[in-house]
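Asks: Spelled out, the chains give:
Protein chains: 2
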Amino acid sequence: MSQQPIQNFYKDDVAICYGCGKHNADGLHIKTFWDGEIGRSTFTPRPEHTAFPGFVYGGLIASLIDCHSIGTAIAAAYDAAGRAPGTDPEITCVTGNLNVSYLKPTPMGVELVLEARIKEMGERKIVVTCSVYAQDVETVRAETVAVRVPSRMFKKEAD
Amino acid sequence: MSQQPIQNFYKDDVAICYGCGKHNADGLHIKTFWDGEIGRSTFTPRPEHTAFPGFVYGGLIASLIDCHSIGTAIAAAYDAAGRAPGTDPEITCVTGNLNVSYLKPTPMGVELVLEARIKEMGERKIVVTCSVYAQDVETVRAETVAVRVPSRMFKKEAD
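Those protein sequence lines, which keep their order, are chains A and B.
Each position in the first sequence, counted from 1, maps to that position plus 9 in the numbering used here.
Each position in the second sequence, counted from 1, maps to that position plus 9 in the numbering used here.
In case anyone wonders, no lab produced these hints; they're calculated from the structure.
Among the hints, a few may not be true.
Pairs involving identical chains hold if they fit within one copy or between any two copies, as the list cannot separate such chains.
Stated by the list, open to error - Within a straight-line C-alpha distance of at most 25 Å, the following computed SDA-like cross-link-like pairs (lysine to any residue) qualify:
| no. | residue 1 | residue 2 |
| --- | --- | --- |
| 1 | K113 | M130 |
| 2 | K113 | R133 |
| 3 | K128 | G118 |
| 4 | K128 | R55 |
| 5 | K113 | G91 |
| 6 | K113 | V158 |
| 7 | K128 | H32 |
| 8 | K134 | G118 |
| 9 | K113 | T53 |
| 10 | K134 | P56 |
| 11 | K113 | K128 |
| 12 | K134 | V119 |
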């Protein structure tokens with residue numbers, strides 16, 4: 010298990026993601042720990058993260074899956090390249106597709122555990138599966154397509 | 010175009026959704042206006058809703074799509090039944106699947122426009138397509154499966 014989450018190695022000038030950026034003061038601070046096979050993350054929803062009484066908001070769960078799956082893809086890609094995370098040239102990804110199946114309602118008041126695995130490691134696309142567990146019960150399952158990009162410092166089309 | 014968003018008709022005791030609940034003080038307050046053919050919603054992301062510099066967080070966009078597509082499904086189902094929204098017996102849905110394709114980065118600093126349409130109106134499942142536009146450019150496209158349930162006042166399995 011890596012000692013530090015992969016998000017700690019994201020470059021400072023782009024680490025403002027609401028989901029996982031270390032420089033977003035209002036964000037969720039999702040953290041991904043990669044052990045060479047599985048990306049693991051835990052998150053306890055805040056009281057306001059409800060869908061309906063007693064259950065977690067699906068949009069919050071989609072957000073956790075998004076950042077954690079992208080983090081897992083990046084960590085695994087460094088691993089596949091035989092390089093330490095954060096070394097140059099930067100390896101980074103953005104989300105191409107996020108496909109989330111809500112198997113059953115996810116209860117509030119417990120720590121959620123996310124486990125992500127690499128289904129396909131391509132040169133351009135990395136496919137990641139992710140399950141969300143509440144008290145050892147899988148409540149949500151997802152597949153995410155991470156698209157490798159040279160940098161997250163995009164230029165606007167109009168620039 | 011309906012004068013009131015469908016979310017105004019959600020029952021008070023369950024209207025605490027982080028995405029669209031009128032009784033969630035910290036939530037996003039997503040609103041869906043149904044005109045008999047298209048569900049429309051607008052949302053201007055808050056400054057903290059960034060993915061990377063200048064662009065909107067994908068998890069926020071997934072959240073907007075989730076609540077707006079479910080709202081569209083509910084409004085359309087009342088319409089299909091020939092009933093005014095909010096009349097008894099309640100028609101409500103939860104999200105079964107959310108499949109979001111990010112076509113291009115979505116810029117910060119502009120109002121986003123969501124348009125949702127009914128692809129399939131079933132007794133148990135309603136399939137909704139949704140596009141997100143930023144300055145008339147479609148940046149995200151999604152398909153959501155809304156599952157009809159008798160009520161959002163779920164009981165926990167352990168109860």
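Asks: Out of the numbered hints, which ones does the structure contradict?
Replies: Per hint list: 3, 4, 5, 7, 8, 10 and 12 violated.
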